[in-house]
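S.K.: For the sequence shown, position 74 (counting from the first letter as 1) is numbered 649 according to my numbering, and the numbering increases by one without interruption.
These are computed hints drawn from the structure, not numbers from a lab. Note that the structure is predicted; figures quoted are calculated from it, not measured. Ideal placement from N, C-alpha and C gives every residue a C-beta, glycine not left out. Please note: incorrect hints may appear among the correct ones.
[Said to hold, decoys possible] Label-pair ranges, simulated between beta-carbon atoms:
(1) E611 with K648: 29 to 37 Å
(2) I644 with T605: 26 to 34 Å
(3) S594 with A633: 53 to 61 Å
(4) E611 with M635: 30 to 38 Å
(5) A620 with S598: 32 to 40 Å
(6) A633 with F590: 53 to 61 Å
(7) V585 with A620: 33 to 41 Å
(8) I616 with I637: 50 to 58 Å
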Amino acid sequence: MKGAVLGLVVIATMFVGRSRAQSAVALLATALSAAEVIALIVSSAFLAYLTIHIAILALMGIATALLVIGKGKSATR
576 MKGAVLGLVV
586 IATMFVGRSR
596 AQSAVALLAT
606 ALSAAEVIAL
616 IVSSAFLAYL
626 TIHIAILALM
636 GIATALLVIG
646 KGKSATR
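When you get a sec, could you build the whole thing from the sequences and use the hints?
M.R.: Now the structure itself:
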């Protein structure tokens, strides 16, 4: 990533001058950082979604086991 940004600085400096090239690259780096933050938020939200579903499945499994155990005890009495 840093190598690509450095390459952009060198190429842009040849065409538009140093100050404009630095401004353009700084803007590009800011946009890339914002995209990374958005990707992190999306992946965190998806992980939370999966965690909630796993917890619900675990609770359903526990409830089913308790029902089976309860029916087994009542059948032996």
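S.K.: Taking the hints in turn, state whether each one holds.
M.R.: Verification of the hints:
no. : hint                       : result
1   : E611 with K648: 29 to 37 Å : violated, 55 Å
2   : I644 with T605: 26 to 34 Å : violated, 58 Å
3   : S594 with A633: 53 to 61 Å : holds, 58 Å
4   : E611 with M635: 30 to 38 Å : holds, 36 Å
5   : A620 with S598: 32 to 40 Å : holds, 33 Å
6   : A633 with F590: 53 to 61 Å : holds, 59 Å
7   : V585 with A620: 33 to 41 Å : holds, 38 Å
8   : I616 with I637: 50 to 58 Å : violated, 32 Å
Violated hints for the displayed structure, listed by number in ascending order: 1, 2 and 8.
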